[in-house]
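Please dock the two separately framed chains into a single complex, following the hints provided.
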Amino acid sequence: MGKHMTANGQHLSEEELIEHYYGEDAAVSHVARHLKACAKCAAEYSALERDLGGVKILAAPPRGEGYGHEVWRSIRGSLQVYEPKKRNWSGFGFRRPLALATACALLIAAAFVAGRAWQRKQTQTVAVANSPTGRDGEIGHGEARERVVVWVLGDHLDRSERLLVELNHASGKDAAEPLQSEARELLASNRLVRQSAKQSGDPALDAALDRLERLLVEVANEPNGLSESDLNRLRQEMNTDGLLFDVRVLRSRVGEQQPNGAAGLKGVSL
Amino acid sequence: MEESDHAICRAVLAGDKDAYGTLVTRYSQVVFRVAYRITGNEDDADEVVQETFLRGYQKLAAFEGRSSFATWIYRIASNCALDLVGRRKMEAQSRVAEESAPERGEAQVADIKAGPDRLLLSREIEATQEAAMRSLTATERTAFVLRHMEDRSTQEIAAVLDIAPNAAKQAVFRAVQKLRRELAPLWVNT
Chain A
0 MGKHMTANGQ
10 HLSEEELIEH
20 YYGEDAAVSH
30 VARHLKACAK
40 CAAEYSALER
50 DLGGVKILAA
60 PPRGEGYGHE
70 VWRSIRGSLQ
80 VYEPKKRNWS
90 GFGFRRPLAL
100 ATACALLIAA
110 AFVAGRAWQR
120 KQTQTVAVAN
130 SPTGRDGEIG
140 HGEARERVVV
150 WVLGDHLDRS
160 ERLLVELNHA
170 SGKDAAEPLQ
180 SEARELLASN
190 RLVRQSAKQS
200 GDPALDAALD
210 RLERLLVEVA
220 NEPNGLSESD
230 LNRLRQEMNT
240 DGLLFDVRVL
250 RSRVGEQQPN
260 GAAGLKGVSL
Chain B
0 MEESDHAICR
10 AVLAGDKDAY
20 GTLVTRYSQV
30 VFRVAYRITG
40 NEDDADEVVQ
50 ETFLRGYQKL
60 AAFEGRSSFA
70 TWIYRIASNC
80 ALDLVGRRKM
90 EAQSRVAEES
100 APERGEAQVA
110 DIKAGPDRLL
120 LSREIEATQE
130 AAMRSLTATE
140 RTAFVLRHME
150 DRSTQEIAAV
160 LDIAPNAAKQ
170 AVFRAVQKLR
180 RELAPLWVNT
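Residue numbers (numbering that gives the first Met the number 0), protein chains in the order written: chain A, 0 to 269; chain B, 0 to 189.
Hint data in this document are derived by calculation from the structure and do not stem from the laboratory. Any given hint might turn out to be false.
Stated by the list, open to error - Simulated crosslink set (EDC-like; lysine to aspartate or glutamate; CA at most 16 Å straight-line):
#1 88/B <-> 149/B
#2 55/A <-> 149/B
#3 16/B <-> 82/A
#4 58/B <-> 82/A
#5 55/A <-> 123/B
#6 177/B <-> 82/A
#7 177/B <-> 129/B
#8 16/B <-> 4/B
#9 55/A <-> 150/B
#10 55/A <-> 125/B
#11 177/B <-> 13/A
#12 88/B <-> 240/A
#13 197/A <-> 209/A
#14 177/B <-> 50/A
#15 35/A <-> 15/A
#16 39/A <-> 15/A
#17 39/A <-> 13/A
#18 197/A <-> 212/A
#19 88/B <-> 129/B
For reference, chain B alone in the conformation it holds in the complex (with noise of 0.2 Å):
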């Protein structure tokens, strides 16, 4: 029978280290997804992963079981993918901010008429979703892949995020409305 985590949890926290391993494989693939999600880039969620994993070790005392582990961990890896976009945001803004601007010229291309070819035309969709993904803030963003790729609540996306219900909704929202301006070229020929 498959052990629980929390018998996991006590063993690993008894000094049997490898009892650890039995989690990290049982919801790597969970973590990863998300980090996916959040961060919007393979690499960048591999190592979400792995830093997932470790801040968990090392708090593993503090979590005293009050929520499932898959929770507890799912909040880590949300945590370890806003801090990662918002460190990427910064290293990208002290570079140069000359990225931008050309992204948004490619996306406003996309014309049903004019582009045939209709795997180009979702590659330009694909582009434009990613650049106005981009446009977010790391708290938006997170938020709004909490919300509209993970469902997950007000409620809990405040808990993920440590923030008030009414911040949290109010991120989504801002994520909304950012999105829908960036992706409104993408309606003008439909």
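The following block holds chain A by itself, in its conformation from the complex (with noise of 0.2 Å):
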């Protein structure tokens, strides 16, 4: 139990058995074949069947018929009522293809955009894209430039969130490793992000960013490796359950603006 590969190297491995178990292995038949002819494999098969078929499907106490209702009341004072908003949500599901059809001009417009700002400039999308230049005149294309920079946010703080999440449950060096690498390619972008929140005067997003860059260098940073003790460490003193906190409302706030274009943007205006 335990090892992937026996000797010959012609067994299945037990990631390959798991997958059969859950049925989720690309090569089924080949697997099931397998399985009938190797006598090893079908053991160590049926050991794996017994370990978790063992293992008790936690059946969850019974609650109430009214349990909804209790929770209801429970949560219902901190709600805020919503206030109308001017988007009409009733065009939820057959506006659907429409909006499609806009998010994909919008992309063709930024790709473009982004493309030839590439090659003016060559470096510094981001910060390209925040100057405000607008010499060539070109119809439109400070609001293309905007969506642009409003995407890198969003992309950027996307990314932010997914490793933030990784380095809460990281556990051992062996998950560590990518975290580090991810924190060096982060660490450049976050720079140019963080240049241009403080150039729009967002104070919510710079201080989210500021925090951020502290967290990326002291990962991106530990000469050998994260160990167990160095994640708790960062975990404790950077709060990092608080600051994936921000960037999901950050996200959230981007990521709500984003088919709407850069222009309506509440606090990220940059």
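This is the structure we're talking about:
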């Protein structure tokens, strides 16, 4: 148990057996055939079936019929009434194709502008997108430029969120290595995005990116890799839970505004 | 006729706060079930249920109806439970690391011949399983619960955990490997 391959390398690995158990193997028939033909793998598989079959499926303690009402009563007081938005929610279903087409058009426009900006300066797309030039006088260039920035910011927050989630649950050196390389990459983009945030005068975004930068520096620059205790220390000292929450809030703000373009951004107006 | 979840979401976003109560009552049981399976604790699961619906309400404007409300709230619940398990682990680690050894010791006592009382044996097995589940990281535990108990696919687990499908698969593998190691003493005498 626990070993992946046997000596001759022809047996099924434990991972393959686990995949087969959960019915997620790509080559079901191949595995099934092998199990019929190979006694050793069949024995391994039986042991796996026995072990996993023995893991009791936790039955949740019963909750009465009024449970939902109790939950609602307990949270109702903490909820603030939504102010009706200008946005028409009746467009939920049937306007989806229109929204999709608009999103595609925006994406193409953004890619076009990004390509031009890249050609012009070859570096620092974000900085270019934020500089108040507009000298080539293209119609709608400013708006498209802002969309690129919002897209870049959204992507950056997305990646940061993933890193923070991984960091919060990572254990051991194996898990820490990819975190470090991702942190190094994010560090560079974080500096650019932060510079833009500073110019836009968005204190919430700037503060969150500042905290994120300090964390990324810590994660990226640990020369001997991150041990379990390093990870715990980072989580506590840098309050990664709180930071994750901030990043999620910012990301949802950006995400909310993306389909409408950057013009209507509240607080994320780069 | 029962009002659709999307219609209720629209009503809530249009200012009808109480409409959200219908969604809460509709999905509390499902959310409690997954929360209990991930946290393994009744009180924690209740806390997760409240947290889930609070977060759900706050993020409702971002819910665009691409998936069903049930799937969306399920993801939030799994995330809340994952966060709570992570927090509990941190709290336990920072307190003292003295509890794990005796638990494992007790678990290894499972001996069929020595225990004629089957109820006692079943409690031993439960205790061993609980201890084994506690040995998993929050991500591994959530991935395993979703895979093994909630019958979710790798893609769904990846979406819930917000990680790549391959990372989700690896989390399940690691969980299975650890559990098998921890549960191995149970099979010694059978």
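For each hint, the structure was consulted:
| no. | hint | in the structure |
| --- | --- | --- |
| 1 | 88/B <-> 149/B | violated (23 Å) |
| 2 | 55/A <-> 149/B | holds (12 Å) |
| 3 | 16/B <-> 82/A | holds (10 Å) |
| 4 | 58/B <-> 82/A | holds (14 Å) |
| 5 | 55/A <-> 123/B | holds (13 Å) |
| 6 | 177/B <-> 82/A | violated (49 Å) |
| 7 | 177/B <-> 129/B | holds (13 Å) |
| 8 | 16/B <-> 4/B | holds (14 Å) |
| 9 | 55/A <-> 150/B | holds (14 Å) |
| 10 | 55/A <-> 125/B | holds (8 Å) |
| 11 | 177/B <-> 13/A | holds (13 Å) |
| 12 | 88/B <-> 240/A | holds (13 Å) |
| 13 | 197/A <-> 209/A | holds (10 Å) |
| 14 | 177/B <-> 50/A | holds (11 Å) |
| 15 | 35/A <-> 15/A | holds (15 Å) |
| 16 | 39/A <-> 15/A | holds (14 Å) |
| 17 | 39/A <-> 13/A | holds (12 Å) |
| 18 | 197/A <-> 212/A | holds (14 Å) |
| 19 | 88/B <-> 129/B | holds (14 Å) |
Going through the hint list in order, the structure does not satisfy hints 1 and 6.
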